[in-house]
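Got chain A; can you put chain B on it based on the hints?
Number of protein chains: 2
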Amino acid sequence: MRFTSLTSSDGVTEQFFTLDDVPGVLWTPQAAGPSPLILLGHGGGQHKTAPGVVARARRYAAAGFAVVAIDAPNHGDRPKDEEFGRIAAGLRGGGDPGALVAAMHAHLAGQAVAEWRAVLTAVRRLDEVGDGPAGYCGLSMGCGLGIPLIAAEPRIGAAVLGLLGADGLAGEAAQVKVPVRFLLQWDDRLVPRERGLALFDALGTSDKTLHANPGGHGDVPAFEVDDEARFFARHLARSRANGSSAKR
Amino acid sequence: MRFTSLTSSDGVTEQFFTLDDVPGVLWTPQAAGPSPLILLGHGGGQHKTAPGVVARARRYAAAGFAVVAIDAPNHGDRPKDEEFGRIAAGLRGGGDPGALVAAMHAHLAGQAVAEWRAVLTAVRRLDEVGDGPAGYCGLSMGCGLGIPLIAAEPRIGAAVLGLLGADGLAGEAAQVKVPVRFLLQWDDRLVPRERGLALFDALGTSDKTLHANPGGHGDVPAFEVDDEARFFARHLARSRANGSSAKR
Numbered sequence: 001m002r003f004t005s006l007t008s009s010d011g012v013t014e015q016f017f018t019l020d021d022v023p024g025v026l027w028t029p030q031a032a033g034p035s036p037l038i039l040l041g042h043g044g045g046q047h048k049t050a051p052g053v054v055a056r057a058r059r060y061a062a063a064g065f066a067v068v069a070i071d072a073p074n075h076g077d078r079p080k081d082e083e084f085g086r087i088a089a090g091l092r093g094g095g096d097p098g099a100l101v102a103a104m105h106a107h108l109a110g111q112a113v114a115e116w117r118a119v120l121t122a123v124r125r126l127d128e129v130g131d132g133p134a135g136y137c138g139l140s141m142g143c144g145l146g147i148p149l150i151a152a153e154p155r156i157g158a159a160v161l162g163l164l165g166a167d168g169l170a171g172e173a174a175q176v177k178v179p180v181r182f183l184l185q186w187d188d189r190l191v192p193r194e195r196g197l198a199l200f201d202a203l204g205t206s207d208k209t210l211h212a213n214p215g216g217h218g219d220v221p222a223f224e225v226d227d228e229a230r231f232f233a234r235h236l237a238r239s240r241a242n243g244s245s246a247k248r
Numbered sequence: 001m002r003f004t005s006l007t008s009s010d011g012v013t014e015q016f017f018t019l020d021d022v023p024g025v026l027w028t029p030q031a032a033g034p035s036p037l038i039l040l041g042h043g044g045g046q047h048k049t050a051p052g053v054v055a056r057a058r059r060y061a062a063a064g065f066a067v068v069a070i071d072a073p074n075h076g077d078r079p080k081d082e083e084f085g086r087i088a089a090g091l092r093g094g095g096d097p098g099a100l101v102a103a104m105h106a107h108l109a110g111q112a113v114a115e116w117r118a119v120l121t122a123v124r125r126l127d128e129v130g131d132g133p134a135g136y137c138g139l140s141m142g143c144g145l146g147i148p149l150i151a152a153e154p155r156i157g158a159a160v161l162g163l164l165g166a167d168g169l170a171g172e173a174a175q176v177k178v179p180v181r182f183l184l185q186w187d188d189r190l191v192p193r194e195r196g197l198a199l200f201d202a203l204g205t206s207d208k209t210l211h212a213n214p215g216g217h218g219d220v221p222a223f224e225v226d227d228e229a230r231f232f233a234r235h236l237a238r239s240r241a242n243g244s245s246a247k248r
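Protein chains in written order, with the UniProt record's numbering: chain A, 1 to 248; chain B, 1 to 248.
Rather than coming from a laboratory, the hints here were simulated on the basis of the structure. Built from N, CA and C at the ideal position, the CB exists for glycine as well.
Not the full set, but computed from the structure, chain A residues with beta-carbon under 7 Å of chain B:
id	residue
1	206
2	209
3	210
4	211
5	212
6	213
7	214
Chain A on its own, in the form it takes in the complex:
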């Protein structure tokens, strides 16, 4: 793990890094002990410092969490492969979006899960990151890559997911056994309402809450982000190191 830059503002330290070929960012609360960790997965076509990712990261860090985001395969600063280009062209060409989005996530998931697990191992070695259960937050593609990650990764203890339908995911969703907050946008033109409800239904955990709000795919209200920080605080509290309870 190689850190390439460090800046601090508003009580939050932001460090860019690479781990093998994967570029990432780590946000940590300044002047805190080891903080519980949240992994932040971006949406399709976005990257590790997309505005919505940075806004969540800074909000979580202000609430006392260490937060890490990486560029997903074929996204951000990373090269694109042929198969990715083929599926992306299909999406632009107006094919069945549910099936094409599922094919895209299936194409990326194997590599993405392995990369997240390596990042998790590396980041937990840092002094500023606690070694208790981590949180995962990912919507849309971040949900599509997050569900296989959570199904495979016992070090994740709670997740915020959503903005995605059940296509291709029901099997792995059933293996999700940690507390989940699931976001659904009631007027989402990219994700039919009943497909989103079906993915919530398919989650294997009995500790799950659906939050649905009016508006389109990108219109998740700001108050939900505040509430996510409380959700993670409730479920990751046991990972807080000594003295860190004063961090909120």
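Chain B only, in chain A's frame:
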């Protein structure tokens, strides 16, 4: 309005009263100025001091709200009429529950709405109750009687509703224009999931959030009640009198 008893415990004062023929209870935070008001409607077959009502009232009062609950017509300490008995017998006899519940609420709503409006007027005259917008919280029958109340009553500024289907309510639900938190239980045997989703969909406000949790009709998680207090605090803040911001 005639008060008949007063007790205080854990920082909350509880006063029983009658207004004309309607028996009620008022909970207020001790040693506070005028507090924003929440009306609390109980479920079918319950009454103003059912355990779930009292638990919510004390939680809200601890968060700085004045809270009032009354016995609905035909409930609690009040006499039962013939039509009520006829519909209740139909429900016990296994008729179509959606239609019978809607008939029950329609039978009670006219009287219940008039009574709530009179209580609202009387309670707002008290020194310990603020005169800003009030909140309304009612689930199941409390939702069925609350929606016509909110549609008719401009002094209500935010509401927690849910645990009910759209049967017979779509028209009045469309007239609800205040912020709404809507609770749905994912495995509710009394309210089919799609009927509950249809009532959320029918609400006329664009500021509404659905919270769905696994479990049956009576299994709303305790963390939702905490979250309701925050929801009301966010939306009724303007009704707080001077100095009351320290009340939470």
